[in-house]
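Visitor: Residues per chain are reported as follows:
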Amino acid sequence: MSAAAIRPEERLAVAIARLVLDPEAPPARHVAIGAASPIPAAACFLVRALGHPLRVSLQQRRTANPFSEGSRELFDLAGQGRIDLFFLGGGQIDGQANINLIGTGEWPGREARFPGSFGSALMYFLTPRTILFREEHSPRVLVPRVDIVSAPGVSPPGVYRRGTAQALVTGRCVFRFHPERARFSLLSLHPGETVESVRAATGFDFDIPAHVPPTPEPTEQELALLRGPVRETMLEPYPEFCARVFDRKSAA
Amino acid sequence: MSAAAIRPEERLAVAIARLVLDPEAPPARHVAIGAASPIPAAACFLVRALGHPLRVSLQQRRTANPFSEGSRELFDLAGQGRIDLFFLGGGQIDGQANINLIGTGEWPGREARFPGSFGSALMYFLTPRTILFREEHSPRVLVPRVDIVSAPGVSPPGVYRRGTAQALVTGRCVFRFHPERARFSLLSLHPGETVESVRAATGFDFDIPAHVPPTPEPTEQELALLRGPVRETMLEPYPEFCARVFDRKSAA
Amino acid sequence: MTPISLEALAAEVPDGALVAMPPDYSLPASALARALVRRGARGLRLLGVPILGYAADLLIGAGCVAEVETSAVTLGEAGFAPRFTAAVRAGTLRLRDATCPAIHTMLQAAEKGVPFMPLRGLIGSDILAHRPDWKVAPNPFAPPGAEDPIVLLPALRPDIAIFHAAMADAEGNVWVGRRREIATAAHAARRSLVTVERVVAGNLLEDERLAPGVISALYVAAVAVAERGAWPCGLLDAYAPDGAHLAEYARLARTEEGFREYCARYVLAGASAAAAAA
Amino acid sequence: MTPISLEALAAEVPDGALVAMPPDYSLPASALARALVRRGARGLRLLGVPILGYAADLLIGAGCVAEVETSAVTLGEAGFAPRFTAAVRAGTLRLRDATCPAIHTMLQAAEKGVPFMPLRGLIGSDILAHRPDWKVAPNPFAPPGAEDPIVLLPALRPDIAIFHAAMADAEGNVWVGRRREIATAAHAARRSLVTVERVVAGNLLEDERLAPGVISALYVAAVAVAERGAWPCGLLDAYAPDGAHLAEYARLARTEEGFREYCARYVLAGASAAAAAA
Numbered sequence: 001m002s003a004a005a006i007r008p009e010e011r012l013a014v015a016i017a018r019l020v021l022d023p024e025a026p027p028a029r030h031v032a033i034g035a036a037s038p039i040p041a042a043a044c045f046l047v048r049a050l051g052h053p054l055r056v057s058l059q060q061r062r063t064a065n066p067f068s069e070g071s072r073e074l075f076d077l078a079g080q081g082r083i084d085l086f087f088l089g090g091g092q093i094d095g096q097a098n099i100n101l102i103g104t105g106e107w108p109g110r111e112a113r114f115p116g117s118f119g120s121a122l123m124y125f126l127t128p129r130t131i132l133f134r135e136e137h138s139p140r141v142l143v144p145r146v147d148i149v150s151a152p153g154v155s156p157p158g159v160y161r162r163g164t165a166q167a168l169v170t171g172r173c174v175f176r177f178h179p180e181r182a183r184f185s186l187l188s189l190h191p192g193e194t195v196e197s198v199r200a201a202t203g204f205d206f207d208i209p210a211h212v213p214p215t216p217e218p219t220e221q222e223l224a225l226l227r228g229p230v231r232e233t234m235l236e237p238y239p240e241f242c243a244r245v246f247d248r249k250s251a252a
Numbered sequence: 001m002s003a004a005a006i007r008p009e010e011r012l013a014v015a016i017a018r019l020v021l022d023p024e025a026p027p028a029r030h031v032a033i034g035a036a037s038p039i040p041a042a043a044c045f046l047v048r049a050l051g052h053p054l055r056v057s058l059q060q061r062r063t064a065n066p067f068s069e070g071s072r073e074l075f076d077l078a079g080q081g082r083i084d085l086f087f088l089g090g091g092q093i094d095g096q097a098n099i100n101l102i103g104t105g106e107w108p109g110r111e112a113r114f115p116g117s118f119g120s121a122l123m124y125f126l127t128p129r130t131i132l133f134r135e136e137h138s139p140r141v142l143v144p145r146v147d148i149v150s151a152p153g154v155s156p157p158g159v160y161r162r163g164t165a166q167a168l169v170t171g172r173c174v175f176r177f178h179p180e181r182a183r184f185s186l187l188s189l190h191p192g193e194t195v196e197s198v199r200a201a202t203g204f205d206f207d208i209p210a211h212v213p214p215t216p217e218p219t220e221q222e223l224a225l226l227r228g229p230v231r232e233t234m235l236e237p238y239p240e241f242c243a244r245v246f247d248r249k250s251a252a
Numbered sequence: 001m002t003p004i005s006l007e008a009l010a011a012e013v014p015d016g017a018l019v020a021m022p023p024d025y026s027l028p029a030s031a032l033a034r035a036l037v038r039r040g041a042r043g044l045r046l047l048g049v050p051i052l053g054y055a056a057d058l059l060i061g062a063g064c065v066a067e068v069e070t071s072a073v074t075l076g077e078a079g080f081a082p083r084f085t086a087a088v089r090a091g092t093l094r095l096r097d098a099t100c101p102a103i104h105t106m107l108q109a110a111e112k113g114v115p116f117m118p119l120r121g122l123i124g125s126d127i128l129a130h131r132p133d134w135k136v137a138p139n140p141f142a143p144p145g146a147e148d149p150i151v152l153l154p155a156l157r158p159d160i161a162i163f164h165a166a167m168a169d170a171e172g173n174v175w176v177g178r179r180r181e182i183a184t185a186a187h188a189a190r191r192s193l194v195t196v197e198r199v200v201a202g203n204l205l206e207d208e209r210l211a212p213g214v215i216s217a218l219y220v221a222a223v224a225v226a227e228r229g230a231w232p233c234g235l236l237d238a239y240a241p242d243g244a245h246l247a248e249y250a251r252l253a254r255t256e257e258g259f260r261e262y263c264a265r266y267v268l269a270g271a272s273a274a275a276a277a278a
Numbered sequence: 001m002t003p004i005s006l007e008a009l010a011a012e013v014p015d016g017a018l019v020a021m022p023p024d025y026s027l028p029a030s031a032l033a034r035a036l037v038r039r040g041a042r043g044l045r046l047l048g049v050p051i052l053g054y055a056a057d058l059l060i061g062a063g064c065v066a067e068v069e070t071s072a073v074t075l076g077e078a079g080f081a082p083r084f085t086a087a088v089r090a091g092t093l094r095l096r097d098a099t100c101p102a103i104h105t106m107l108q109a110a111e112k113g114v115p116f117m118p119l120r121g122l123i124g125s126d127i128l129a130h131r132p133d134w135k136v137a138p139n140p141f142a143p144p145g146a147e148d149p150i151v152l153l154p155a156l157r158p159d160i161a162i163f164h165a166a167m168a169d170a171e172g173n174v175w176v177g178r179r180r181e182i183a184t185a186a187h188a189a190r191r192s193l194v195t196v197e198r199v200v201a202g203n204l205l206e207d208e209r210l211a212p213g214v215i216s217a218l219y220v221a222a223v224a225v226a227e228r229g230a231w232p233c234g235l236l237d238a239y240a241p242d243g244a245h246l247a248e249y250a251r252l253a254r255t256e257e258g259f260r261e262y263c264a265r266y267v268l269a270g271a272s273a274a275a276a277a278a
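As given, the protein sequences belong to chains A, B, C and D, one line each in that order. Take 1 as the starting number for the first sequence in the working numbering and just add one per residue. Take 1 as the starting number for the second sequence in the working numbering and just add one per residue. Take 1 as the starting number for the third sequence in the working numbering and just add one per residue. Take 1 as the starting number for the fourth sequence in the working numbering and just add one per residue.
Okay, chain A solo, but in the shape it has when bound (with noise of 0.2 angstroms):
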């Protein structure tokens, strides 16, 4: 397994464990995690294994979940300040960071239905940094202007925010997200990309610096712990994806 060639999840995790542990963002020391969200989860307990104190509260397991108010607890800790980080992905987001969980078409998806938008028109708001993830990476996904609003990339000055996106983590690439202009800039290229296939594949307009670097490789020591300690930690929460990602099994 050792000498397996990197994953895609497995350089995606890498990524978002280094926008958790960006000196630059305000600290994490909670991050909640969605049912949904396997690669964002296996990024959080990289940056554990890596030895940073982070405590990653996974949503939504029937049993052994870290709740004891139920579902509405995962919003009142959002409320005191107590998430520092919170995942969102979205069947649309557009360039200014605005995310649709609800429906293309008219109102209230007529074209296309999703599920809904769950919690993320009060986390999106509350949570100081979120990082927004999406692995595909085309212009059906990332469009000029979402159909319907989930929730906003940004509010105008008055409304009570605590944080907007981070970043913007693809399949293929790395976008920062710049609040204050409301726009996304390309921070890295992840393998066979290039700025131009990135730009044809995104619908929305965004900055690109004069140099984009690749996204980084992980290291040897990230694989290792990605294949040993997390992918052990994630065998019961997301016994699917270990299976497909690191051909591993639950022995339940």
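Among the hints, a few may not be true.
[What the hints assert, rightly or not] Between beta-carbon pairs, the in silico distance windows are:
#: 1; chain 1: C; residue 1: GLY243; chain 2: A; residue 2: GLU220; range: 34 to 42 angstroms
#: 2; chain 1: C; residue 1: ALA264; chain 2: A; residue 2: ALA243; range: 27 to 35 angstroms
#: 3; chain 1: C; residue 1: ALA146; chain 2: B; residue 2: SER138; range: 51 to 59 angstroms
#: 4; chain 1: D; residue 1: ASP148; chain 2: B; residue 2: PRO214; range: 40 to 48 angstroms
#: 5; chain 1: A; residue 1: ALA243; chain 2: C; residue 2: THR255; range: 23 to 31 angstroms
#: 6; chain 1: D; residue 1: GLU261; chain 2: B; residue 2: GLU106; range: 25 to 33 angstroms
[As the list claims (entries may be wrong)] Pulled a few chain C residues facing chain A out of the computed Cβ check, cut under 10 angstroms:
#: 7; residue: ASP97
#: 8; residue: LEU122
#: 9; residue: ILE127
#: 10; residue: ILE182
Simulated from the structure, these hints should not be mistaken for laboratory data. A quick note: this is a predicted structure, and the numbers were derived from the prediction, not measured. Glycine residues also receive a C-beta, built at the ideal position from the N, C-alpha and C atoms.
With chain A held as given, fit chains B, C and D onto it using these hints.
Guide: Only chains B, C and D this time, still in chain A's reference frame:
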């Protein structure tokens, strides 16, 4: 024991039980009772023993209490309209049914400080019926105007309120309360009392009907129930009261 | 409290009722939803606490539902909820989108008997734009001169809460464990109709270890025993979801015909079984 | 999370802190209150959740307290709280009277991170008249033309919540059983300092039976073991109150001298014991 003289506490419990069963009052399906109210508790257990369906929730029992949301559940239940009847007392009670649980003299009780308002400032508003109960019937307690209003007896139109006092039961008599004119009227006199003796012991003015009957004596059945099943039910939550009134100690 | 039959419990849900129900990962009343399909319930208004799943998709597909208020409808690992998705695209469902903490807040307001509660977030979202029943007002506690608009949400009192609990006792208390949001829904609702795995002797509220996970009989109108009543979803640590069955449902329910086939096989079949048992 | 000593826990409460604490019938941190007297805490602002008892009276008598916000102070069966009563009459205590549900509401607002919450009742009470920090506003959801004034209460975030729990686990989770209002106080407070009867192995949140009564380590800053730490009050079903001792306290604390005698015998004596153990 069965031939024993009727104790004042038994008389009061029976008088309260009859108020609980008053067919003119809104129906009482659920009554909540504070820790310091053994006589109202006995009255409510008597109503049950007489065959009427009545749920009796005793607050503040350290164990085996009926609540699973801690001490806020009582107030939430009242808010939901799930408590039909509550009992309140007062360091002072005045002729408009205002109650004072805070203290006398200057705010917040510079002359004599009582423990405090507890939940009265909500419960008195949200419970369809309140029975006021205070054994001491003296001009010190029943005053023309309370020094401090913990909870008002009536509220102006437009202020959300579901009910008021139904009656005031003391060691001397029963008063009925008339919210439309914010006054008490004398309903019945306990043995040994007269209109004059009650008037002399009462600091506030009240209405006196042409005929004031005696408070009905407990029946044989009521006494038998009080001294039998009611006593057994009371033993655990109110051991000291049972020892004093029923000459019965818990085995524990 | 004497348990009644599952079919009798379903009969306690009147057509048109506003019914609060939990999603698949919580305490889903799957068996009761199937009984509601069998009884031909109509015009139900479903409230997700705070989202919905299999049971709601089934009721929607069977034509029992007029309106849905929720923060999402999903089958989790099995993907989108097909009958819900189809109904939204067809425009045959009145849909009120919310966000999870807004539903918790509206139920907590009803639980406390207050007419409304505030909530942060939401401003600038199209969810808010489509909720004329929600208001935005200045925070009355903001420092002088500050704007600070905040959303005010009205109390939401469901007619009925339905859910599947691990156990009931002889008094009608039910044990839901750490799913406190379901306790809040039960407190907020006028009546709760509960299926349970089993009935135990004694009084759960007198056991200090179990009491914190109890919803008092005060809130419970009726109880029916439904073993594995959450199936094909899981229940706490009692049993895991039946992922294969949920995937089969998701596949079949992609079409009207497939959904009818599913119902014939797994829902209506229960009718004769239930009738035989009654 | 490694438990610290009781004296170290008391050192975590800075002078002047706003300290939320439970009353005698709940989860009173009696041992920690005695340790605070020994450490000579000053200027504490106590918040009753929702009332106060022995521990608060002790701290007031020992001069540790500048301000009290509560719905009552009482020793229950043992009668009025003598040092509180004396301090109010002497005017040496800043006192903010509240009503139980108002304290629950203000803590729930802080728990949810909203700036305020409404509450019914209170209008026409002198409690409201003496709370310039509370507001009355028209209910924004009232029917057009209706008055419907309603009280708005600001969120109240204690600096510290202190209480005595039945147990802690190796992670720092603590079990408080059905006393959910103490969980709310812990959620609302910036930090919780908890004494426990004992520390158990494993993780309480992984036991579905016990999890509903747990306050997560997320909220817990430090834990100290204090066997019979609620004494002379009782703790859930673990032990009953020591009525004789509370009566003795009530009798002695009627006077300054008697209170000093009580402290010498029952509070300060603990100092040498604690020092010897440290």
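Visitor: Which of the numbered hints above does this structure break?
Guide: No numbers; nothing is violated.
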